[in-house]
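Novice: Generate the whole structure from the sequences, applying the supplied hints.
Each step along the sequence shown adds one to the number in numbering that gives the first Met the number 0, with nothing skipped, and position 686 is 685.
What the hints contain is simulated information worked out from the structure, not anything from laboratory work.
Just so you know, not all the hints are guaranteed correct.
As the list claims (entries may be wrong) - Taking CB as the label site, the calculated pair distances span:
(1) Ala190 to Glu425: 14 to 24 Å
(2) Glu292 to Phe232: 27 to 37 Å
(3) Glu292 to Ala667: 20 to 30 Å
(4) Gly459 to Asp261: 18 to 28 Å
From the three backbone atoms N, C-alpha and C, an ideal C-beta is built for every residue, glycine too.
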Amino acid sequence: MSKLSRVPVALAALALALTGCQMAPPPNQDAADPAATGPVSAPLRAALTREQFYFVMADRFANGDPSNDTGGIAGDRLAHGFDPTDKGFYHGGDLRGLIDRLDYIEGLGTTAIWLTPSFKNRAVQGAPGSESAGYHGYWITDFTQIDPHLGTNDEMKELIEAAHARGMKVFFDIITNHTADVITNAEGATAYRPKSAAPYRDASGAEFDDRDVVGQEFPPLDAATSFPYPPVFAQPEDATVKVPDWLNDPTMYHNRGNSTFDGESDTYGDFAGLDDLFTERPEVVDGMAEIYEAWVDLGIDGFRIDTVKHVNIEFWQEFGPRLLEHARAAGNDDFFMFGEVYDALPQVKSAYTTAGRLPAALDFGFQRHAVAYASGKPAEPLRDLWVADDHYTDADSNAYQLPTFLGNHDMGRVALHLRGSGASGEDLLQRARLANELMFLSRGQPVVYYGDEQGFIGAGGDKDARQDMFATQVASYAGEDVLGGPSGAVDRFDTEHPLYRQVSDLAALRREHPALADGAQVMLHAGDGILAFSRIDGGTGTEYLVAFNNTTTDQPVTVTTHSPGTWQPVLAGTGPLTADDTALALTVPALGAVVYRADQPIPDAEGAPQLALTSPKQGGQVTGPRFKVEAEVSGEYAHVSFGFRAVGTEEWQPLGVDDNAPYRVFPALPPLPEGTEVEYRAVARDLAGNTATATTTVTVGAG
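Specialist: See the structure below:
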């Protein structure tokens with residue numbers, strides 16, 4: 000079912016020096032039998048692991064057609080939402096402006112443009128005196144029409160075709176969790192009412208738990224009696240405002256009040272008052288899939304999915320595979336999706352890319368720890384984040400396809416976060432450059448938030464992080480400091496800006512050396528301000544050394560690599576270096592990064608690796624919902640494939656491939672009866688093609 004392609008990729012090793020004597024095989028290493036190697040494959044790389052995204056809010060980018068500024072709506076700003084002097088209203092940017100500025104976007108090395116939601120919105124929402132406009136795109140009323148403030152469906156098609164002609168993809172930011180806020184209740188109440196206090200009732204009045212029928216046919220519901228808050232429309236015309244029409248049925252919503260972003264309300268409550276869809280219902284799954292299948296047919300290359308963790312996981316288990324299959328049927332085998340799971344913990348986010356079956360999730364953990372490191376904080380938390388990448392590894396996805404970012408439209412810009420740690424002036428600019436180097440040279444797919452390449456700092460998140468690229472009429476925006484350039488109400492499309500040039504150069508470096516995009520990342524050093532890892536090209540066996548320094552003085556460091564001989568500078572560096580065996584001494588510049596490439600491929604190992612399955616233990620029991628399968632490898636460079644099968648069956652089911660230590664995966668409990676005997680197998684394969692296998696047998700416990 001996977002659309003993902005497998006290509007030979009970097010091999011990582013647990014770099015243990017071998018003595019001259021031959022080691023005895025570990026206790027559970029299998030006999031050297033080629034037929035017993037089981038589930039062996041190359042490390043997975045999705046079709047999209049080398050993208051570079053430009054995340055742009057169309058309303059704030061470029062105004063190519065002033066005739067659509069009010070979206071064709073008569074009246075004042077509270078009717079049409081256009082007021083370029085107010086940071087909470089439409090400013091006039093549109094699709095025509097994006098089309099006109101594709102040279103600028105392409106010049107950054109961009110391979111994929113990610114647009115904020117572009118569908119027709121509630122133009123203005125909010126209580127009297129606190130109104131704001133839907134310029135950001137997250138208050139959708141019509142999922143079939145481009146917001147007239149931005150342009151037309153035909154102009155969107157034109158943008159897609161123009162981007163494709165330049166080798167760039169176009170991604171939509173989509174929403175399945177909620178719509179615009181048009182449903183209220185007779186009480187005018189907003190406090191969340193939990194299911195324990197107010198269960199759902201069918202049309203006959205009988206209580207039922209939607210969890211018992213999630214994804215199945217629901218009992219008939221009555222808007223007047225089935226919900227904690229019987230839904231009503233704020234205005235009579237709101238009863239038919241949404242498109243497609245099924246969205247106007249109030250029984251397709253949870254109707255429980257506002258989320259407290261905790262516990263049950265996280266998936267059942269209204270997100271900031273927006274109408275929360277009853278995503279447990281199959282009609283909602285089908286309806287949302289049909290909406291977005293139509294946009295796939297228009298030529299969209301992928302989706303960023305909003306508010307993923309506020310939707311029940313069963314929805315994603317249906318929606319993700321269905322959209323991928325539809326894209327394949329439409330001829331787009333490389334269609335890609337990634338979710339916004341607003342959490343820094345891999346253990347939380349990875350649930351949506353493994354059990355949830357989405358290809359990837361935005362890497363909020365990288366954002367947190369990369370910005371902290373660039374601010375001067377210790378290197379170890381970022382190292383530990385990457386060590387936890389194994390939580391993402393399964394049969395059709397892994398951490399290499401995670402989009403990485405440094406700031407965004409919600410939390411604020413990277414320069415603001417860096418300034419919050421005390422940086423200013425030239426020091427702040429250098430730390431912003433260091434953050435960019437971290438993002439472009441480490442695993443994942445970098446996301447440049449529009450305006451960061453022009454030195455925007457901002458004053459906060461949300462509206463304070465959504466500056467105009469064209470000459471702003473917002474007084475507070477005009478008065479903000481700008482890194483590497485003057486403040487003021489001027490256009491911000493300077494292709495000679497130092498941060499624009501840096502992003503463009505880093506993009507070119509990744510294109511010239513693809514291992515820097517998706518080669519295996521193997522940690523070598525973290526401490527005293529220095530962070531170093533290898534990126535290994537699995538096709539050639541070539542090793543790159545990448546090192547960063549977040550201190551204000553040049554720092555010497557010696558790292559143990561996998562390649563002897565001479566290393567050539569690729570980024571910065573002072574000239575060729577020669578390793579002492581595999582120990583490489585180098586100096587990393589203050590607030591900077593270096594990249595070196597080994598002249599020769601990593602040498603082949605002389606014998607097969609030594610392999611032991613250390614978890615789960617032979618004869619033990621595995622319990623859910625997820626558990627650890629881990630192997631230890633000694634010897635030379637290897638990647639490890641993991642698989643399982645019920646005892647007595649022939650076919651191995653793949654669990655994923657790990658190309659750096661610690662070698663492990665975190666699968667779900669197998670879908671087998673409790674007490675079933677299951678074999679877990681690890682297969683290590685080195686650069687020379689030598690393999691070793693290890694197997695353990697356990698029983699299935701409780702989930």
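Novice: Falls inside 14 to 24 Å, the C-beta gap from alanine 190 to glutamate 425?
Specialist: At roughly 50 Å between Cβ atoms, glutamate 425 and alanine 190 fall outside 14 to 24 Å, so the hint is violated.
Novice: For the pair glutamate 292 and phenylalanine 232, does the Cβ-Cβ distance stay inside 27 to 37 Å?
Specialist: Taking Cβ atoms as reference, glutamate 292 and phenylalanine 232 lie about 28 Å apart, which means the hint holds.
Novice: Could you tell me whether the CB distance from glutamate 292 to alanine 667 stays inside 20 to 30 Å?
Specialist: For alanine 667 against glutamate 292, whose Cβ atoms are near 28 Å apart, the range 20 to 30 Å holds.
Novice: Return holds or violated for the Cβ distance of glycine 459 and aspartate 261 against the range 18 to 28 Å.
Specialist: 24 Å, holds
Hint 1 from the earlier list is the only one contradicted by this structure; the remaining hints agree with it.
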